[in-house]
Amino acid sequence: MMAAALRALGGHWRRHPLQLLTLVIGLALATGLWTGVQAINAQARSSYAEAAVVLDRDALPRLTGELTLQDFAAARRAGWNVSPVIEARVPGTSLRLVGLDPFTSPPGSATAPLGETETLVAFLAGETVLVAPNTLSELPVGLSGTGVDGIAPGIVLADIAAAQRILETDRIDALLILPTPRDGLTPLTELIPGSARQEPAGEGGDIGRLTDSFHLNLTAFGLLAFAVGLFIVHAAIGLAFEQRRPLFRTLRALGLPSRTLTLCLALELAALTLAGGAIGIVLGYAVAAALLPGVAATLSGLYGARVDGGLTLSPLWWLSGFAMAGAGLAIAGGRSLWQLATLPVLAPAMPRAWAQARISTLRLQAITGVALLAGAAILALTATGLIAGFLLLGALLLGAALLLPPLLMRVLSLGARSATGPVTQWLWADARQQIPGLSLALMALMLALSANIGVSTMVGSFRGTFTGWLDQRLAAELYLYAEDESQAREIARFLEDRVDAVLPIVAAQANLEGAPGEIYGLLDHATYRENWPLLDQVPDVWSRLAAGEGALVNEQLARREDVWTGTHVDLGSGGRWPVLGVYSDYGNPRGQAYLGLDAFRDRFPETSATRFAVRVAPERVEAVSEQLASTFDLAPDRVVNQAEIKQFSLNVFERTFAVTGALNALTLGVAAFALWASLTTLSGMRVPQVAPLWALGLTRARIAQLDLIRAVGLALLTALLAIPVGIGLAWALLAVVNVQAFGWRLPLRVFPVDWIVLSGWALLAAAAAAALPAARLWRMPPADLVKVFAHER
Amino acid sequence: MNGKAIRIVLTAALVAVSSTPAASQGFAGLGQGGEGFALPERGRAFTFPEDHGPHPEYRIEWWYLTAVLEGEDGRDYGIQWTLFRSALTPVGPQVWMGHFGLTTPEAHFSGERFARGDVGQAGVMAQPFAAWIDDWRLERNGAGDGDELDSLRLSADTGEAGYELSFVATGPLVRHGEDGFSVKSASGQASYYYSQPFYDVGGTLRLPDGDVEVTGRGWLDREWSSQPLEDDQEGWDWFSLHLTGGERLMAFQLRGGTPFTYASWIEPDGTVTPYYGELVLDPLDLSDVSGRDVPTTWRLALPPEGVDVTVTAVNPQSWQGTLFPYWEGPVTAEGTHSARGYLEMTGYE
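Quick mapping for you: the protein sequence lines, in order, are chains L and V.
The first sequence begins at 746 in my numbering and counts up one residue at a time.
The second sequence begins at -4 in my numbering and counts up one residue at a time.
Hints in this document: simulated from the structure, not taken from any laboratory.
A virtual CB, placed ideally from N, CA and C, is assigned to each residue, including glycine.
Everything hinted at is true.
Partner residues aside, some chain L positions facing chain V, computed with beta carbon under 10 Å: (1) A818; (2) A819; (3) R821; (4) R822; (5) N826; (6) P847; (7) T849; (8) A870; (9) D904; (10) R927; (11) L930.
Partial selection, computed: residues in chain V whose CB lies under 10 Å from chain L: (12) L83; (13) G87; (14) R108; (15) A110; (16) R111; (17) I128; (18) G154.
Let's have the full structure, built from the sequences with the hints guiding it.
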């Protein structure tokens, strides 16, 4: 019996292939965008994990000091499970050199190729280093590498002794202290005088945390795309259930138990999940593969986190794709399934006009929407914590989406009043009549548009603020990194009468309000007074800072510990100071503070100044940096031109735009597809409504034209409503979520030109979506229209 | 470091206890004759104490110490401590590996360490004798006129278990084969091989349940070579027995290809009688050890000396679950003679 029932139910899809296609594609798009984003995130995170495994710098305590390999052997012979490590740059490149001892370093896949004796021999002899395959070409002349998949890009693994030869040193940077199973050993600091034990860095320095904001945005995008896709699925599946009501009744009347029927439909949903999920996962893979290089470049530029450009995905990822597809279908089909299970056997079998049935829900929708928006407003004023921030986003988006159909109805009734002439009147009325059927698709369109506006406003604000901030913070023309203090002094003397000013940059690590951070010493100079706007300041802040009367703190510290002007801040070993001002410090998760240079030197007399900011006339920058490089034999990365840094940062942002732009286009595409699916579905049902118009003398071409106008008009209205929602979304992201997640707030900047462009795209998408159904109407054989009057409908 | 990696690399150091012929062929031509490495020659006389130290011109070398022990609680124990040296090429680098084994009737504890050879993390010094890797040490105990190996102190700990033992020799060093030139196959593969089989042992075992004072007998093997196994030899079964009459018996067979057996009959005064092809070894009972069938009861017969005993493992699960795994543990023997000793079996896959 079940087989027969399944065949009968399947017959519906055979007669409505387009509906089936809509359903599967909708599900695939939803799953695809979601899994694509997840793949990108997973890839990035696994790259961080690889980098962390190579260094184990976050997890392991280490012994630092003036250490050699003999100290390493001594510590081992005393029973300590330690492993030497060197971390530096490969001279003349931007590659990170990690020297390790393959026999004692913590296990990791990166060193697997050393299982080949020949590779191990070459590795120990310094004849080869291990790098990611795509880093091979970046190795300098004289260094030959072996490509290894387990290594994060940009890292060069060398034997510890080979690394010493590369760097021409007999020192090592640290001994990693691995768990030692025995007690009662002589403490390492006693064993090796002059060494110090360093506990693992707190989570503040963790690259994963640094990049969280980026991943958070991507994930939000993925979820949004999934939600938009769900609208499509919900519409298609709801329609399929409605259209099959008579069939359900017939089957029940023929004796099919309700339980079996429900089971059959559940099986159908499962099959659709598999099909849609499978296509979606393939799609997701394609999306991820296409976007990953951009994401990798962004992360590398922003945070120095190198991400492998190739995708390697775990089985869990594939499963999660199906799980999402299944969850989506369950959400979309669950209600219909439940209705069916509780359907009385002899319920009216008339297929209610599926769209019509929802008109009564408009009022409820309006009330819920208003309530949600009110909730969002309250949250906006009171939200503390990241979860509240996300609740705010959810309430705002859902409330706005729910309000869209009632608002459209309202606008259309107002429009209908101003209508003159029967055709215009019909057009308004017909638009109203279609709202319920199109509401889901229009809601999807609005979500996509407002997400676009919101995210691009946020990114744009970020970009504008960040570049402005760079201009301020990088006011000096040249930045220098001397190799040691004596060289630093020589450089300072050398520069004295060649440039306008040499500003030392001195910094020390300290616990700021109990958490690790940095303190800088600031030389009083016009550069800062003129270029450094503060978020909060006392009068005459720069003079008072120079006089050692207080400290400046960054926004993160100020927000986290609530230390603003008028309060005091505890800088640990830096002392306790009145807060004189608060400055923006985008992207830095840790606390930071500035003291006047004299006050700083009082507190940290042993800190050496090896970094300088140099003020020099822009046209002389080139000449001065060449003189410096040739006089002091400075490596290229020790003299940095301000323009280079800015250009680099801007490039990073352009790449960020590339990724968000692509995702924007994809979500919009999904929304357009939803609109097309709804219009196509409706066009079939509308023939009886259109036929009388045709009979009254309107040509098919004219009717099709009116259909197009109506679709574009509705899209325009939706886009207009999406703009305030998008701005609200951007505001919530910048002012609430960002502050809660990362401790800094960005000013909102609006980009009206972008909205016009985006609205244009929305109209284009709507026109494209409406074109096919309209064309079908236009070419519909008159006989079909006549039949409407012949059939008893 | 990656387990597989070290395992493969140090197979070079472990060829004598190696597993498959394929393994020994695959490594840098190891199966093809050790080009560039020195090869053992017949008739070379040992010079001590120099020969107690490392011979870096040979590919592999080890200092292999075992002891059968009885606790104050009357129970049987066994310990093993080995330091392996491996030269990856004739000109280096040298790589070291240490193995730790401690067997009780119910449990077996094992451990291992790896070290590079160029910083002093591991090494061997001939005089005063010291062999070490990390904090595991075998070294001369006190001053005296005798051989460097006459009195030794051993200390090693894995965190889980450990031992502190002293070894005092009651007899001379003995040379196997032809005055220390030990042939390992019909086609003439050979190593240098001498032993100190006459140790009285005393000290403390550190077990998870507490310390145990022990006494017993110990045996130190010294062996170095550059290509000790034929390509088709699969592994070996090696016995060292302390007979109640004061004699010692070292016996081994190399399995696979053309089987090869050898035994050294050692009188209490240290006189060695070598026997080629006279040894009879029959596995009597297999145990499932770590998923493999390993013979843990053997018939061992050396007819020329009238020896025919059944050798039984004290703990059949004496599995060295190191990256390169093998079976090694204390045994007892009964039959024409009574004995206690050690058994090592490799190549059971």
